Structure formats: structure tokens, C-alpha cells
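Q: Each chain is listed here by its residues.
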Amino acid sequence: MSSDTTERSVRREPVAAPEAPVGRSTGWWGMALFISTEAATFAVFLASYFYLRFSHTSGWPPPSEKGPDLVLPSVATGVLVLSCVPMLLAVRTTPRNRTAASGLGVAGAFAGGCAFLVLQVLDWAGEYPSSTPSKDAYGSLFYVITGLHAAHVAIGVGMLLFLLASLAAGRLGRERHEPVNLVALYWYFMSVVALGVYATVYLSPYL
Amino acid sequence: MTATREPIASGDVAADGVLPERALAEAAVGDRLKKAWEEEPGLIGFLTTVNHKRIGRRYLVTAAFFFMLSGISALVMRTQLVSPNNDIVDPDLYDQLFTLHGTAMIFFFATPMNNGFGNFFLPLMVGTRDMAFPRLNALSYWIFLFSGLFMFASLPLGMAPNGGWFAYVPLTRRIDGLNLDFYSLGLLFLAVSSTVGAINLIVTALKMRAPGMTLNRVPVFVWAVVTQSFMLVFALPPLDVANLMLFLDRRFDTRFFDTSKGGDSVLWQHLFWLFGHPDVYIIVLPAMGIISTIIPTFARRPIAAYPFVVLATVATGIISFGVWVHHMFAVGLSEVSQTFFAAATLTISLPAGIQMFAWIATLWRGRVVINTAMLYALGFIVAFVMGGVTGVMFAVVTFDQQVTDSYFVVAHFHYVLFGGAVLPLLGGLFYWWPKMTGRMVNEKGGIWSFVLVFAGFNLTFFPMHISGLLGMPRRIYTYDGDYGWTVWNALSTAGAYLLGAGFVVTALVFVESLLRDRKAPDDPWGSNTLDWATASPPEHYNFPVVPTVHSLNPLWDGRSLPSMAEHRFEDQRTMTEEHMALRTSELDARVETVMPMPGDTIVPLWVALFLTAGVVLLLVGAYLGAAVAGVGVAAVVTWWLWHRPAVE
Amino acid sequence: MYRRRPSVRVRLPFLLGLLLVAATATGCAGEAPSTLSPSGPKSDVAASSWWILFGVAAFVCVVVIALTVLAAIVRRRARTVHDNDAKGFVLTFGVVIPALVFGGTFVLSVMGLQRTSHPQTDPDTTIQVIGHQWWWEVRYGDGTVTANEIHVPVGQPVEVTLSSADVIHSFWVPELMPKMDMIPGRVNHTWFTADKAGVYHGQCAEYCGLQHAHMGFDVVAEPKSDFDSWLADQGSDAATPTSSLASRGMDVFTSTTCATCHTIRGTSADGDVGPDLTHVGSRARLAAGAIPNDRGHLAGWIGNSQTVKPGNRMPPQHLSPDDLQAVVTYLEGLT
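Chains as they are written, first to last, in my numbering: chain R, 1 to 207; chain L, 1001 to 1648; chain G, 2001 to 2335.
Fair warning: there could be bad hints in the mix.
Taking CB as the label site, the calculated pair distances span [as the list claims (entries may be wrong)]:
no.: 1; chain 1: R; residue 1: V75; chain 2: L; residue 2: F1413; range: 50 to 56 Å
no.: 2; chain 1: L; residue 1: F1413; chain 2: G; residue 2: P2119; range: 40 to 46 Å
no.: 3; chain 1: R; residue 1: R174; chain 2: L; residue 2: G1625; range: 43 to 49 Å
no.: 4; chain 1: G; residue 1: Q2114; chain 2: R; residue 2: A43; range: 32 to 38 Å
Everything labelled a hint here was simulated from the structure, so no lab data went into it.
Since this is a predicted model, take the numbers as computed values, not measurements.
Cβ coordinates follow ideal geometry from the N, Cα and C atoms, glycine included.
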């Protein structure tokens, strides 16, 4: 037989047992690429925000608008970002079969996500009707960007519910924990986007 | 380097045509694998299959169908333009025809056709048994089909998109009727399919290559498809954002593109071309990958300067995101920005030049065999260099400002798109026909196909350079006879009919092949890539034994193919228990684990149907109904994910 | 596996090249609004850029096509193939030489921009052109308003500001200047000089809806003195009708829907939906270049413009035949 290194290492390596696969899974790559495309989508929206803002010489926000309220969005963003911590807990504990801790982690992230959504809706209620999506481009940008992000968070909340159900049905643990990793990736991404949206839509009008 | 195998003479049929190594492997494990990979027959099988080869074939057939519809639109347009002040069609229909022609050719023919070949052949070329996400693969096909039907259904309703394929606002913001809603919703819907398909191709190429297929042993076609897929991941978002903004502006009165209320029409152009320019390379790169597959095969040698070709492919993909403003040189942007983008546009021509001369070097230093596929490849080189040089001319801003939006640019992009995509795709069809169908094609018919198509193509589009230089704008349903444009239009129309005849002949050639029983052996051309180490057509499981890849030319190096026989008693390489595939590392293709793959299921079809319902409901303004359909999608997806194979 | 010689492909590009040269030569002679028969400095720059580019492009095509075809025809024995051979060839022909060519092209581009950005002398005349679906509103610096026909003094640069009232249009007179877009909410500035007297055809060059094909205009370049008197004429109020038929026409015009869309200065008609008709009789063509300006066409246009430009904004006018003749007589007299 040849002494090709590749062949030798192939023959030497045992068939990887499901408990200890090496390397990244196809699901990981799938989620990473999905996040990439969504990240590009948000990046384009934020870039459009600044494009429209700087293509007009009149002030920003436009004269008929006031700057956005900062209290609710700051709390909401903070809650969402903090909810990454229980998410991380779930990621760490599921492979060790610590289902209770894992469930707590997922539930914590779920609660954070729900809180974010409630606060976001309250924020919209406060801005409406002095600012509306059809009043001007400023309003369109505000509602559509925050709306798109909220929709993404809602989907994430749905994913967390799915994880809770999986945990309750005993389908996650040492043998199978990849779904938690994948949802976690998405959840961290939601926080990153939240920070970007916060900085652009809420903070930048004051800068 | 060991001797390459000789291609069979056309018309010959090999005794049994099976590669000896594959015969050994099949003898060892073929029966068990056939059982493990059994498919449901009939209609159920048709609706539930997740087999990448069947899905790939569907992409090809469906894309060809949309090509035909779109081509007929063009034929009607050319008939209208054969003489001045003609009245074959009224302006409203003409506007719908030219919009649909462009939109359908780009979105519903070119990329899906590339995807069809990618779906069928990428897993085969990297030596695996299926795509990374087989059910998502089925989903992306169904969405493609339904979004295409959605888009084309608008035509018999008299409401086809009529804003041009790039749909500039404010015109498209203002047109009454559903036309532009068909457009924005149709493209948003299709984008789901394109994105999912791209992700699938990338992950397959990253994680499922045969052991030993390190990055520098990956075939150029695979590099091209992966590059194109990465480009889709990043280029579709600007288009999706633009289409979403357009839909919201039209239906909910948002102001993204309303200049009077703080919006900006030019924003649409930036967003559109941020997608649009990478898109032309998304179309052309896989086609060039096909050329990089055909030419080495029929020059009987590996591709020259492989590392440069790969670098050029990837570089084209990256740089293509930095040139979009060259579509906007007449908008009145600053000279600084025009100068920058002129420079960037010139830079992107360099990688194309690298590929061009690599092909020429491969031909020069090889031993050329002429057949239909090779003729199409050679025709591509001729057409693409002509289209490419006129493209370079557009980097001279003042000249661009004369000929943009005229028939000169129409000539340019048809030379690079027809020459750069359609010719390679036809070549790919002839090249891979034996593998996909198990039949050989009548070579004489193939040559006729090439001659008619190539002659018709040149006769149609070359005169357009001239009418454009003579001042004829594009997208006009008629023109005056006083301007000297008539003779060039008449020539183009004659060419269009010749081209149409060429396509009819091409179709007949393929139909004839299916009706005859000229059985194809495993490897009729003496090719060098792994896809030819399978049956023609391949078994459902592709490879009875996953080989070890030792070089860029696994069928020529004398070691990779024999490994198929060598490993035939190893469980990890044969995986006969269930639907399984090997997962390997991203860079070095070292074995990581064995993955169970999903079998046939109807669930992707359900998701596609719910999504279609949602899109239709959005179109007619039933937003509550659309929300309900969305809930339906969520429910079916939940069902789908709940029933995954135990994995990881 | 020898197949028939692909001679079609060898001869075809040469034939096409010859055709191109011949065609553009004819274009120069004929009535075409040809980019290759420039009559102004900006179009000159574009045309000379074209010839340089065409020369280089033709040479590149011939070389590449010849290499390809020769490689296909000349059978060579298989050589020993080294992995990654031909790198030098690919680098030289695929990178180094193109880089030089592109460097030259970039210089051409920058030089072209420099030479077309400003006229050599300051323009005396400023023209504001506003695009509409599907006609051209033309306003001169001194307040003169007209439509679809632009007059300029020969040999003097003219400043043009471009905008739009509805959708994106594009101002293109190939013989005088490369196109520039007209975008609502945005004002684009450009200029051109007509070196020779003549009538130059222009056409909208950005798809703008149903009648994009019929949105043409003429640029008439004439000696300064002729231009000055034209401008003065155009700026004056409308001629009073000189016959009773024309008088009746004026009455019909000002008392019906005509006046709600069109302006005739000096009368009560002050609509601003359609073109200004104060001096419509002086124009060579009607309907943005779609039809000649004569009694028959004018009557047909007024009666039912939808037969000429289906989808345009002017509904059919239901006038009695006598009223129609009166209006036509009146308008023809508005020179």
C-alpha cells in the first residue's frame, strides 16, 4: 500500500462515535451561512438609513419629527443582550446531560426575548402617531428596521420554545445537543443586530 | 503523469461500459446499498424525493421551460422591431414582454440552470452521496418552480411586470395594478430558494468531500459553484431589501423612494446594482466552471495554471461587489466616484483574462478533440472575448455615457450573458448528457445544433452594436424609419429566428437521444473528475465505495480510482447500513464522522405550498390570510425539525 | 476524433469587424443621430475614445480568436504535462499585458472626464429641461418657456440643468453630448456646444413608461443672431388671431378642457399639465417628435392622440369638425 499520509490516517482513525464527533457539523455551517445572509440584510438596511439621512441637507430627524425615546429601547436592548448569558448556560450544560440547568438557561433566554418584544411594542406605541411609517422616510426607516429586527427576535423566541419542548421530551442531552448550539448562534446574532439597530436608529439621531 | 483513457468514438457502445474498479465495488456492496437507498416509485416518489440528481434534473428541465417562454417573448419583441412603426404588439404588452424576458432569463433560467448542474454534479465531483441538506434541496426546487409559475402567471392575466428587469423607481412606485407587486413578491419568494440552495451547495462542498480531496484538489467547477454561492449569500440581501422597500412603498405608503418625503430614487439604483453586478458573475462563474471542465477533458490534459484559475474565480467574486456604480455613470454622481468605479471595473477584467489564457494554454498544450461540447466551449471563448472587450469600453466614462441605455449595451450584455452562460450551459448539457441520462447523443445533430445556435446568436446581437452607436435607445417598442436603424433591426430579427431554429434543433437532438437506445458507458469521454466514476446514470447512492482522492485528476492519476476497489470492505467507506454519507474536514478532507441522511419526505412540498399561498395572499392584499399562511409555514417547519434523524 | 474544420468561426469575426466599420461609415453619412458623427466637443471625446477602444478591442479579439481556433485545428502530440505549467504564459497574457491595456484605458477615461467636465468659456445661455411623461419642458434663463424643441446658438457652450416632474428620464442628443439622467427631486448640471448649425435629434434614454419610445426632441443650432430673435419671439405673448376662424379657435381653446392642461401666454389658458403651446406653430414636429407639424397631423392628434401615442395623458377631444378646424387654424397661427 502507498505511504500516503492521508490514507494512513484514514485507516487509523476509528469510526467517530456520535458522542464525540470531531469538527463542525453541517448544521453549524448552515446556521453560520444563514446568519451571514441575514447580517448582510441588516447591514444594508442600516447603510440605507445613513444614505437617506445624509442625502438630504435638512436636519435629522426631519423638522416634523422629534428624536426617538431612549428609555424603553435601552432597557429592551439591555435585556436582550443579557439573555445571551442564560443561552450560554444552556449551551454548556446540555452536553453534560444537566437537563434542569439547560432548561433554565433556555427559559431565561426565552423570557429575555419575550420581554424585548413587549418593550419594543410599547416603544412603537409611544412613537405612534407622531411618527408613522408613511409620514416620511425617517418614519419608514424607524418602523421597518425595528420591525424587521423584532420579527427576527420573534422567530428566535419560537426556536427557544422548540428547544424547551425538545428538552421536556427528553430529546436533548449528551447524545444530541447540536440544536442548542445552533439556536444559540442565532440568539447571539440577535443581540449583535440589536446593538446595531440601537446605535443607528435610536442613538445616532442625537449625535 | 499516467496516460489518460481514450474517449470512445461516438456511436460506439462499450461492451458493458463499467469501470473495472466500480464493478468490483458494486459486486461487494451494491445489493445492500440498493436496498438502503431504495426510492418510492410513481407519483409519491416524484413528490417526496430528496435525491439530488432528480432535483438537479428538475432544475434543468424547469429552467429550460422558462428559457423557452422567455425566448418566445424575445421573438415577439424582435418581430415587432423588424420594421419601423410596426404594430404587432401594443406598448403595454411590449413593456411586459421585455421586462419578463430580462427578469425570467436572469432569475428563472440562468442561475437555476447553473444550480441544476451544481445540484447534480457537485456531490458527484466531490465524491459524496447527497447534498448536505437533502430536504432543503427539495424545498429550494419547489419554491423555484412555484415562484416561476407565480411570476409567469401574471402574463396571461395581463399584469406582468412592466418596469424593466431593473424596475427603477419612481416609475415602478407609481405604476397602477399588480404588475410590480408580482415583480417584488416573486423575486422575494425566489430569493428564499436561491439563498437556501446556495447554503446547501457551500456546506456540501465544505463538509462532504471524499477523503484526500484537499482544497488544492477540488475541481474548478466546484470552486466556481461555491464562489457563486457565497456571492449569492451576500448579494441577495440588497435586492431583497430593495424589493421589500418597493412593496412597502407601493402597498403601505412608506417613503423609502419618495424624494418629496425624505426618500431617494437613487437609493433603489444603489441597492439594485449592489446585487445586480455580482449577479452577472453569479451567472457567469459556474458557466466558466463548466468550460474549465469541458476543455481539459477534450484537450486530454489537466487545466493549465490551476491555482491561478481558482484565484481568478474567487477574486472575480470578491471584486464584483465593488464595481456596481458603473451601471450609474449617467446618473450625475460625482467625478471622484465615477473615477474610482472606472478603476475598479477595469480591475475585475484582470481575473477574467487569467481564466481566458489558462483555457487557451490548456488547448495549446493539449491534444484537442472536437465534438459538440468542445465546439460550444470554443464558441464561448469567441463570444466571451467579444463581450468582454466591449465591457472594458464601459470603463471609459464619457463613452459609457453615450452608449449606456442604448442598443450597444444590449449587444454587450447579450454577448457576455448568452456567450458567457448559454453557450457553456449548452456545452454542459452535451457533455453531461450521457451521465445524466445514460444515452449518447447523435454527434452530427449536435454539430448542427452548435452551428445554428452560434450563427443565429451572432446575427441577432452583433448588429445591435451598430444600432446602438447610431443612437437607438433601448426599451422602445417602435422606432422611426428615418434614423438608419431599420436594416440592423431587420438583421437582428432574422438572427433571432435562426437562433430559435437552432434551439428547436437542439431540443430535437436531445429528444432523439432519449428515444434511441445508444447506451452510455460510465466514462465515454475519458474524463478526469469523480463524477465519471459512477454508473450512467448514477445509482441513487452515487458511489458504492467512497474513494480516497490523491490528486486534481482522480480518474487519471492511477491511484484514486483503484482506491474504490481497495476500500470496498471498509464500513466507513461503504456505509451500507442506512442512508449515510461521510463528513470530512473543511480544509484537508479528513474523515470526521458518518452522517445519516434523510430519506424521501413530502414535508418540503408542504412548506413550499404554504409559502406560495402566503405570497399569493400578500399579492391580493389579504394580509391577515398571509399571516395565517405564515403560521402554517411555521407549523410545518416545526414538524420537519422535530423529525430529524438522530445525528451529531 | 477529427471533426470538420470550424471555418465558420474563423471567418465570422473578421466579417463582423468589416461590417462594423462599414456600418459606422454609413452612419456618418445618413440621418442617424449617431454617436460617431459628433458635432460638439463632448461627443467628440466620446467618439475618439470609441475609435481607440475599437482598435484595441478588435486586435485583442483577433489574437484570442486566432489562438483558440489554431489550437483547435492544429493537432499536437500530447506532451508531458507538468502540473501548473503555462503559469508564465497566463501571467504575461492574462495579467501583465491586460494591466497595461487597462492602465491606458483608465487614462483615457480620466482624460475624457476632464475634457468634458467644463466648457472652455463660460456659457451665456442656461436652459432648464424638465422631463415629463412623455414630453420635454424647456425653460430659458430669461423666462421663455417652450416644449420639445430646443434652440441654441452655434459654437457657444450652453449650460443645461436637468430635472424631472415625475419619473426618471434621460437627456440624450448623441451628436452633441453623452446622456445625463433627469431624476425627480434632483437637479443635474451639464453643458454642451453645437459646433455646426443643424437640427440634432434627441431621445429619452431611460425607460419611463408606455410612451418612452415617442419621447423625442430636437436641438436646433443656429447663428447667434437667429437664436436671439428666436428666443425673443418665443418669449413674447401669443399672436392674436388674424382670421375669424382662428378667433373662433381661440375661443374654443380657452373655454374648453384645452385650457386646463395647456398654457398660451396672453390668453386665459394657463394649464401646466401639458406642454406650453404659446408658439406651437413654430415647431417642426408635434407630440415630442412623434408626428410632423401640419394641419392633418395636428387635427388627428387633437381628435384622438391615443392613436399616435397610446397611453399618453391627453384624452381624445370631442370637438365638432368645425370647432376642430378652428382650433387647428388658431394653433397653426401661433408661430
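Q: Let me make sure I understand: some of the numbered hints might not hold for this structure. Which ones are they, in numerical order?
A: 2
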